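2 protein chains.
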Amino acid sequence: MSASSALLTDRYELTMLDAALRDGTAQRHCVFELFARRLSGGRRFGVVGGTGRLLALLRDFRFGDDELRFLRDGKVVSPEAVAYLENYRFTGSISGYREGELYFPGSPILTVEGSFADAVILETLALSVLNHDSAVATAASRMSIAAGDRPLAEMGSRRAGESSAVAAARMAYIAGFGATSNLEAGRQWGIPTMGTAAHSWTLLHDSEEDAFRAQVEALGTDTTLLVDTYDIAKGVETAVRVAGTGLGGVRLDSGDLPTVAASVRAQLDELGATQTRITVTSDLDEYAIAALAASPVDAYGVGTSVVTGSGYPTAGMVYKLVARQGADGGWVSVSKTAEGKGSQGGRKTAFRTLENGVATQELVEVADGFEPLAQPSEYPDARPLQVALVVEGEPVAEYEGPAGVEAAREHHLRVREELPIRALALSRSDPAIPTVYVDADES
Amino acid sequence: MSASSALLTDRYELTMLDAALRDGTAQRHCVFELFARRLSGGRRFGVVGGTGRLLALLRDFRFGDDELRFLRDGKVVSPEAVAYLENYRFTGSISGYREGELYFPGSPILTVEGSFADAVILETLALSVLNHDSAVATAASRMSIAAGDRPLAEMGSRRAGESSAVAAARMAYIAGFGATSNLEAGRQWGIPTMGTAAHSWTLLHDSEEDAFRAQVEALGTDTTLLVDTYDIAKGVETAVRVAGTGLGGVRLDSGDLPTVAASVRAQLDELGATQTRITVTSDLDEYAIAALAASPVDAYGVGTSVVTGSGYPTAGMVYKLVARQGADGGWVSVSKTAEGKGSQGGRKTAFRTLENGVATQELVEVADGFEPLAQPSEYPDARPLQVALVVEGEPVAEYEGPAGVEAAREHHLRVREELPIRALALSRSDPAIPTVYVDADES
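Here the protein sequences line up with chains A and B, keeping their order. If you number the first sequence the way the numbering used here does, the last residue is 443 and the count never jumps. If you number the second sequence the way the numbering used here does, the last residue is 443 and the count never jumps.
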């Protein structure tokens, strides 16, 4: 992979840019919007993910020698377009929802403003990052709600592409998980990491007892021993015999978890290891977590389902031109009108209306022109949802890096509290609050 | 993202390494195996993906200053383990299925041999790459079979994490697609790229006619015009009026495709544009492609479903210790035996038995010891499935880079011909051929 992000782009964006440079439309001022037409899987809310990563990738969105050579030699675009791209950097502005914010159908998650040339070529990169990361964030938030106060760890790296795995670990943490198994997520984003031993550790040794003894010697009695390689009851007995009743925890990675957890808890208590925690890690998703609420489980490790969005691995967001300057310089709202896949043209300003602290509407004001809108006077408690993310080409630093991750997590956990109770149920339903479009002239 | 791949690793692998360095088991010679217990989604065959990428990532699997500092400062492992990792490079060997090869439950897709320290820390990286890439490859191969002779293009980058998108484009090509929209996949892997214009191109202009005229002027009459921004019939009429009857193609991205394709074909023929091709690109998967077989469609563009494995975004492969040296230096076959998630211990050699060129069995010989096995004499037509991928730490170059991609594609299309007819159906079923385990002593 090149250090440049500029070719993480669909070819048609450069083809359009090329043609627009020829006919002069490349310099038309445009507003593109990134939004979701619906919430995948009948979810009741979506969680915005990836914004902080996108800002970092934007900094690397430059066409270097390798990229330009590929475009030139492969005749992807004309020599004139290659010359233009040589000096390209995004000089427009992006406003949008903060990472960790909730979204609903039609929420203007990102608004990208600039010349057509500036904005059209960010389509694929912006969608790749936000679709993937928001899908993970939405699933992770539901799991975090289902887990309540019990700690959750993300351990699904092996079930996701190796770079997406790092992004997924980051999103799970923002959406309420407490730790990840992924070390690169720890290094790069400051996420707490965890992990002790796999079945291979036990199988490596001549006996389970040898394995447990070596682990306790290396990591102390507070470690977590994996007790289901051979016979679980014998494994628990050996674990307590080796580590003593002060053993930190045992992990169960197979079997019918409610049954196994109950019998392991009873056995641990009987052996005097009443403070030893039980972590379960076998094929969990939000439904399995909810079903274990009454079981004596102390912590969950979630793999496949969180990194793959629990059945919905992409959020289905789209990137559409919603307004542009016309030949006369005036603003025109635009949208596709053929049957299917329609959308709402015009630049938008979004608020979440609240009553007694509980969200009631996603209020989206649609402007014909370009001016930012004021707080709607009829909703004094409405919370404005958009912030400046990129100002004249410069990403706003506070949303980037490990500090951006911590801020996004804090923001997510705070705004999740605004959801009405019905939003917390796991079953398929309509969005928890309706999206209401208002013409800006009338608001 | 660091240029090193060494922290694309679950923490427990380093924790085990650390403990194994203390108790001396780190140097035990081990055999790990990467395999799938079952085929996801009732598929009738799986396609191995990612091998060539894994070899490249292995070359970068070194702990540099950034990685070591993180492990040291975060106290992830002991100072002794940090010192060991400073000089780590994989010096073991890997044999396995070629990329593009088919696999079935229990196929020994990768066999990783080396010291425990060598082999244990590749678990996450190997699984991340192969689980993701094989899921995409398997879905893509089914789509390629459903499309028959009609060309298929991959255009799902926006629905996958930005790096996984490049890997997905690569896998779709290996599994039979002809092109991708993803430019980085073109640059890095030599995949043919394609793409002309989005709805934003039409919306940017003051009229659809202006947009079509500018595109034809820039790209010639052989281009493909997107005709469904406003009214499709008017769009087709305008397209032929602007480009003439020599127009290369039209693209349809919405609506009920069988109906729309038929009416657009009739309109094009009536206008004299009998050679103008119709490309469809709206929410296709293998089932939709199959359902369009009788429609006048000339090419397909597939997005979301191929990059997300058409409902199964991960292949569910696991990485297990299957044999190791004991305290006496002798070989021991090992496997987890607790209820659920069991596996077959022992080093394995795999053949695909054929009758009249048609696959009949996945024959897996299980050895107690370590010696490679000869062709089983009772199956003269059996095709050996494993090749050397990494020899004493050195990746075999022929499987890497763009040349490796071309070889994998050729191999896939060739071995797919060996499948029995029933393997080509799209409905859920058992694997197309059974996996038969044979004790090596008896073969």
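Keep in mind that the hints are not guaranteed to be accurate.
If several chains are the same, the list does not tell them apart, and a pair holds so long as it fits within one copy or across any two.
[Unchecked claim] Result set (DMTMM-like, lysine to aspartate or glutamate): computed pairs, CA atoms no more than 25 Å apart in a straight line:
{"id": "1", "residue 1": "Lys75", "residue 2": "Asp328"}
{"id": "2", "residue 1": "Lys75", "residue 2": "Asp65"}
{"id": "3", "residue 1": "Lys75", "residue 2": "Glu355"}
{"id": "4", "residue 1": "Lys234", "residue 2": "Glu86"}
{"id": "5", "residue 1": "Lys234", "residue 2": "Asp439"}
{"id": "6", "residue 1": "Lys234", "residue 2": "Glu392"}
{"id": "7", "residue 1": "Lys234", "residue 2": "Glu417"}
{"id": "8", "residue 1": "Lys75", "residue 2": "Glu418"}
{"id": "9", "residue 1": "Lys75", "residue 2": "Glu237"}
{"id": "10", "residue 1": "Lys234", "residue 2": "Glu400"}
{"id": "11", "residue 1": "Lys75", "residue 2": "Glu270"}
{"id": "12", "residue 1": "Lys234", "residue 2": "Glu113"}
{"id": "13", "residue 1": "Lys75", "residue 2": "Asp439"}
{"id": "14", "residue 1": "Lys234", "residue 2": "Asp23"}
{"id": "15", "residue 1": "Lys75", "residue 2": "Glu417"}
{"id": "16", "residue 1": "Lys234", "residue 2": "Glu418"}
{"id": "17", "residue 1": "Lys75", "residue 2": "Asp283"}
{"id": "18", "residue 1": "Lys75", "residue 2": "Asp368"}
{"id": "19", "residue 1": "Lys75", "residue 2": "Glu394"}
{"id": "20", "residue 1": "Lys234", "residue 2": "Glu80"}
{"id": "21", "residue 1": "Lys75", "residue 2": "Asp256"}
{"id": "22", "residue 1": "Lys75", "residue 2": "Asp60"}
{"id": "23", "residue 1": "Lys75", "residue 2": "Asp231"}
{"id": "24", "residue 1": "Lys75", "residue 2": "Glu406"}
{"id": "25", "residue 1": "Lys75", "residue 2": "Asp206"}
These are calculated hints, taken from the structure and not from any lab test. Since the model is a prediction, treat every value here as computed from it, not as a measurement.
Comparing the hints with the structure gives:
no.	hint	verdict
1	Lys75 with Asp328	neither (34 Å within a copy, 63 Å between copies)
2	Lys75 with Asp65	within (15 Å within a copy, 40 Å between copies)
3	Lys75 with Glu355	neither (57 Å within a copy, 47 Å between copies)
4	Lys234 with Glu86	neither (66 Å within a copy, 38 Å between copies)
5	Lys234 with Asp439	neither (69 Å within a copy, 30 Å between copies)
6	Lys234 with Glu392	neither (64 Å within a copy, 39 Å between copies)
7	Lys234 with Glu417	neither (44 Å within a copy, 50 Å between copies)
8	Lys75 with Glu418	neither (52 Å within a copy, 38 Å between copies)
9	Lys75 with Glu237	neither (68 Å within a copy, 30 Å between copies)
10	Lys234 with Glu400	neither (49 Å within a copy, 47 Å between copies)
11	Lys75 with Glu270	neither (74 Å within a copy, 35 Å between copies)
12	Lys234 with Glu113	neither (64 Å within a copy, 31 Å between copies)
13	Lys75 with Asp439	neither (45 Å within a copy, 56 Å between copies)
14	Lys234 with Asp23	between (77 Å within a copy, 23 Å between copies)
15	Lys75 with Glu417	neither (53 Å within a copy, 35 Å between copies)
16	Lys234 with Glu418	neither (47 Å within a copy, 47 Å between copies)
17	Lys75 with Asp283	neither (48 Å within a copy, 29 Å between copies)
18	Lys75 with Asp368	neither (39 Å within a copy, 56 Å between copies)
19	Lys75 with Glu394	neither (31 Å within a copy, 36 Å between copies)
20	Lys234 with Glu80	neither (73 Å within a copy, 33 Å between copies)
21	Lys75 with Asp256	neither (58 Å within a copy, 35 Å between copies)
22	Lys75 with Asp60	within (23 Å within a copy, 31 Å between copies)
23	Lys75 with Asp231	neither (63 Å within a copy, 33 Å between copies)
24	Lys75 with Glu406	between (44 Å within a copy, 21 Å between copies)
25	Lys75 with Asp206	neither (62 Å within a copy, 29 Å between copies)
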